[in-house]
Amino acid sequence: MDFAFMQEAFLRLISGVPLTLNLAFTSIAFGAIFAMLLALMRMSNLKVFDWPAQAYVFVFRGTPLLVQIFLIYYGLGQFRPTLDALGLWGFFREPYWCAVLALTMNTAAYGSEIIRGGLQSVPHHQVEAARACGMSGFLLFRRITFPIAVRQALPAYGSEVILMVKATSLASVITMMEVTGLAAKMISQTFRAIEVFIVAGAIYLVLNFLITRIIMAIEWWLSPHLRRPPAIEPRLEAAHV
Amino acid sequence: MQQLSYFELIGFGPNGWGWALLTAAGMTIAVATCGFLAGSVVGTFVAWGKIGGNTPVRWLADGYTTVLRGIPDLLVIYLFYFGGSAALGAIGSLFGAEGFIGVPAFITGAMAIGIISGAYQAEVFRGAYQVVSRGELEAARSVGMHRWLMFRRIIAPQVLRYAIPGLGNTWQLVLKESALISVTGLVELLRQSQVAAGSTRRPFDFYITAAILYLLITWVSTYLFQRAETHSMRGMRRAS
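Chains as they are written, first to last, in the UniProt record's numbering: chain A, 1 to 241; chain B, 1 to 240.
In isolation and in its complexed conformation, chain A is listed as follows (with noise of 0.2 Å):
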């Protein structure tokens, strides 16, 4: 093992890691607003909205994420004339948009099944207890719904934030060099693939360690009804000493 070479590497490595969290952050956030709005649409019992989200879901859920990139950046393409004409062109140009688009996409289609079981999880009497103190609609679903939903989803959307940062890797196939697309250059630079693996391999891990750690002081902060309460010093009083 060449601790010289692997020092190297991860200097180079590590420049990647803003792009890495750049697109996943960035592809995190729109996706969220997009998954409620998907949640939303799947739980509004009426079918013009309920069947283009799971129709939506079962598109982006059942093909590979690859080929959802590839059909946005190269297979619009085909339709660069129309695209040019409606001034979109600049932006399915950039590979960086592309990506994002492509991520945001697609964790929008699990985000939603995912808010969709947290919505559902919220105890029913809690919402009864809500309507008998006369709120109702929007503050309802401020209040009382969406509080309690995230606390329930947080944990399973926390293994979704991790996965995209894994699937963030996948945008250095179209020519985005973050952590992965570094190493796979310069895995085929030096052919050192152990070396260079190890480093890349300890950033990410480091990342998502990072990001779990991150994830349950949140989840901590959210649930302070599962703690137990602060221990009450039982205080003497003077007269009783």
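Hints in this document: simulated from the structure, not taken from any laboratory.
None of the values given here were measured: they were computed from a predicted structure.
Glycine residues also receive a C-beta, built at the ideal position from the N, C-alpha and C atoms.
Please note that the accuracy of each hint is not assured.
[To be verified] Simulated restraints, written as ranges between beta carbons of each label pair:
| id | chain 1 | residue 1 | chain 2 | residue 2 | range |
| --- | --- | --- | --- | --- | --- |
| 1 | A | M216 | B | P165 | 23 to 29 Å |
| 2 | A | V59 | B | I91 | 32 to 38 Å |
| 3 | B | R234 | A | R143 | 45 to 51 Å |
| 4 | B | L215 | A | K47 | 35 to 41 Å |
| 5 | A | M177 | B | G52 | 42 to 48 Å |
| 6 | B | G63 | A | K47 | 45 to 51 Å |
| 7 | A | Q120 | B | R141 | 40 to 46 Å |
| 8 | B | I107 | A | Y96 | 30 to 36 Å |
[Unchecked claim] Rough simulated footprint, nothing fancy, chain B against chain A, three-plus residues with beta-carbon under 8 Å:
| id | region |
| --- | --- |
| 9 | 6-12 |
| 10 | 62-72 |
| 11 | 75-89 |
| 12 | 174-185 |
| 13 | 203-209 |
With chain A fixed as given, assemble chain B onto it according to the hints.
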């Protein structure tokens, strides 16, 4: 040159890519199946290590599943693709062979998928094992079954029964992972679509066809796994 219509393009006529795409879809299923089965073997041993191993073995098994589930699959595939050739080259040079020896892409792909899905399947098997009732294991031991016989007659059938839903999920993952094998040049569905898209300059048509074929495969396999689940649960009483 006159533009071919979409159906001429993906059809089975003289200019059609239909057979090529279907063969490639077969290759996707083949590499995914081989990888999945390899993963089952790996997963069984790792689950065994997690359940019954001593501390270092358990530590190793936990490390394996954590690492393989924490790093991108594409990285593992690159390791097998480049690392496999390098290792084979080193072995080859011991025997006097010169130069670069490529590992067949199918074997690299199946091995990479096996190693990755093994980590997921280990967790599935471990979860399923914990549902098997302790009493049955004690009963098996009390009638004098030794370990292998107990595994074959009591543990394996029941673990498999409880593991089917989890294995179904893993299979879907494996199927989608198999698309990543295209980076090594194995002519599976995505690679074939790339080739066709390149030579006809109709990328959208071919990638959308690939997506439809992938959907078809996932849809059929979901159905088959559901059938397997109901079949395996036919003797169980359900609460409801």
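A quick look at each hint next to the structure:
The given range of 23 to 29 Å is respected by M216(A) and P165(B), whose C-beta atoms sit roughly 27 Å from each other. Taking the beta carbon of each, V59(A) and I91(B) are about 45 Å apart, not inside 32 to 38 Å as hinted. In this structure, R234(B) and R143(A) meet the distance hint of 45 to 51 Å, their C-beta atoms being roughly 47 Å apart. A C-beta distance of roughly 22 Å is found between L215(B) and K47(A), which places it outside the suggested range of 35 to 41 Å.
Here the CB-CB span from M177(A) to G52(B) is close to 45 Å, well matched to the stated 42 to 48 Å. For the pair G63(B) and K47(A), the supplied restraint of 45 to 51 Å holds, since their beta-carbon distance comes to about 49 Å. At about 43 Å, the beta-carbon gap between Q120(A) and R141(B) stays in the expected band of 40 to 46 Å. Separation of I107(B) from Y96(A) is about 35 Å and conforms to the stated range, judged on CB atoms against 30 to 36 Å.
Counting residues of the region 6-12 of chain A whose CB falls under 8 Å from any CB of chain B gives 0; the rule of at least 3 is not met. Only residues whose C-beta sits within less than 8 Å of a C-beta in chain B count toward coverage, and the region 62-72 of chain A has 9 of them, enough to reach three; the restraint holds. Three residues within the 8 Å Cβ limit are the bar, and the region 75-89 of chain A against chain B gives 5, so the coverage statement holds. For the region 174-185 of chain A, the stated coverage by chain B holds: 3 residues have a C-beta nearer than 8 Å to a C-beta of that chain, and at least 3 were required.
Under a criterion of three residues with beta carbons nearer than 8 Å to beta carbons of chain B, the stated coverage of the region 203-209 of chain A is upheld, 4 such residues being counted.
The structure shown violates the earlier hints numbered 2, 4, 9.
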